[in-house]
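Peer 1: Residue numbers (the numbering used here), protein chains in the order written: chain A, 1 to 427; chain B, 1 to 87.
Please note that the accuracy of each hint is not assured.
[Stated by the list, open to error] In silico SDA-like links for lysine to any residue, alpha-carbon gap of 20 Å or less:
id	chain 1	residue 1	chain 2	residue 2
1	A	Lys-173	A	Val-106
2	A	Lys-173	A	Gly-205
3	A	Lys-421	A	Gly-83
4	A	Lys-173	A	Leu-228
5	A	Lys-421	A	Asp-99
6	A	Lys-173	B	Gly-60
7	A	Lys-421	A	Gly-205
8	A	Lys-421	B	Ala-61
9	A	Lys-421	B	Arg-26
[What the hints assert, rightly or not] Short, incomplete list of chain B residues facing chain A, as computed with Cβ under 7 Å:
id	residue
10	Pro-13
11	Arg-15
12	Gly-17
13	Cys-50
In short, the hints are calculated from the structure, not lab data. Cβ atoms here follow ideal geometry from the backbone N, Cα and C, with glycine treated the same way.
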Amino acid sequence: MSDAPILVVGGGPAGTSAAATLAEAGLPVLLVEQRDQLGGAIHRQVARGATHAVHAPARHRRNWAELAQRVDAAGSRIELCTGTVFLGVDGDGRHLLDDRESGRVVARSVRAAVIAVGAVEKIHPFEGWDLPGVMTAGGAQVLLKETGVPPTGPILVAGTGPLLLAVSAQLAKAGNPPVAVLERGRPWVRFNSLLRMAWAGPQLGEAASYVATLLSHRVPYRTGADILSVREDDVGLEIRVRRNGTVHRLRARHMLVHDGIEPNRVGIPLSDPGGAVPVVLAGDGREVLGADAAILDGRRAAREILARLGMRLPEPGEARLTAARNVQAALSDLFRSALPEPTPETLICRCEARRLSDFRSLPDDASTREIRLMGRFGMGVCQGRFCGPTIAALRGEAVPSAIPPRWPLRPVSLAALADLKTDDLES
Amino acid sequence: MMTRIFWNDYVVPFRPGETIAAALGRAGIINLGPAGGPARGRVFCGIGACQACVVAIEGGAPVEACLTLARDGLRIGSMPAVVVSDE
């Protein structure tokens, strides 16, 4: 087993940092990334044939250049598998990898695993959120980073949090400023949180540059705005918005929504640093601390694995992780707002087409199991990554955490599974 | 250099290294169908988590449009509708 590699899942800042740190300690690493290039969502690289690029803050460019250089320097100590989706751990403890290029599933025995699969955006549902033309702000941002080209036609950005500012400014710079940015919170009135944000030096500078871009493109930024519903007609989307007690109707071709992010944990193996095959989570997939902290957290995860193998590394900067935690806490307080009640017709679970009225028809004391088996919530192909937080909010108690890790994390073809390759014979 | 994929019967150009989602988006194809389903396909989360942009592919298993690179001549289309029975 000692020559088996350490698996690192996810090629964003946390995974790349963990992989480089482990390789630098002399260990073989298997780095698995679902996309064709490393970078993750934050450091998403532009597509080879793209003719435009999106400007990234200097600090992010510097951070990524350094990480990419470390992966290069590790040479053959890092076996890089791009275009490969992590499916989970099977009953025999083997880690299943779906190589999309060859259409094969490979089961690998590994010495330890670092899971760094990042965060998922939270979406507070409203009637019509499931319509074509509505997408997440983060999803639109990664597409913009890849192509350099914004969607055509009027764009409305809505929800809550600092990402709304970033995406809107990037869209404006790329040539299609949003018709409006609708923030549900009222960050200007939260003076205490604003003061606490003064500690977040680089992020504050970044936010200021986004605000300046929006001002220069005359993009209205409206706070205290609740999205009530969206409907589609022949020419696009009509969005009903409530602000200061008045209902407005806006039109757009695209609507970008975002209500913050949370760790992508649904179905993911549990952290088990003491196990026979140690498993450690890293980055925003462990705790949402942001891109800079993810690099440190990847190093922290690698250090934890190395400690299990009897190797010592200096402490990676817990103080900076704590500082990042304080910034995140101040941010969530800054944008804190009450969620509007969705209409009964609102789709809660898109995969299984289940509405709020379906959820309300379940008994009040329905167990997690009943919500799933009777209500069909969380049973679809996304495995509850999107309806999970909504149902948790509706019943005041988390659902996804009650679901044990299980594979496959993503739909996989039966043909690929039937043709499963294991590495048992290789060793 | 431009190459092309086929969305149902539409010809959709793409640039090298671009995903199916990026190519469909530039061509203005937002609705990934099918018509009449309670929830139609669309590119949503962009990171393979929501499965809303899964498309059918000729000669292979369905894939997430947001993760999968376009290849010249690829033929793709809508997934079958999700059917929910009203008991």
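Peer 1: Next, verify each hint and record whether it holds.
Peer 2: Evaluated hints:
1. A:Lys-173 x A:Val-106: Given pair A:Lys-173, A:Val-106 is violated - Cα atoms ~43 Å apart, limit 20 Å.
2. A:Lys-173 x A:Gly-205: holds (17 Å)
3. A:Lys-421 x A:Gly-83: At roughly 17 Å apart (the allowed maximum being 20 Å), A:Gly-83 and A:Lys-421 satisfy the hint.
4. A:Lys-173 x A:Leu-228: Violated, at about 29 Å.
5. A:Lys-421 x A:Asp-99: Holds, at about 11 Å.
6. A:Lys-173 x B:Gly-60: violated (39 Å)
7. A:Lys-421 x A:Gly-205: Between A:Lys-421 and A:Gly-205 the Cα gap is close to 50 Å, so the pair fails against 20 Å, i.e. violated.
8. A:Lys-421 x B:Ala-61: Holds, because 18 Å separates the two Cα atoms, which is no more than 20 Å.
9. A:Lys-421 x B:Arg-26: violated (38 Å)
10. Pro-13: violated (11 Å)
11. Arg-15: With a minimum Cβ separation of about 3 Å from chain A (threshold 7 Å), the hint on B:Arg-15 holds.
12. Gly-17: The hint holds - B:Gly-17 has a Cβ within 7 Å of chain A, the shortest such distance being about 3 Å.
13. Cys-50: Holds - the Cβ of B:Cys-50 comes within 7 Å of chain A, reaching about 5 Å at its closest.
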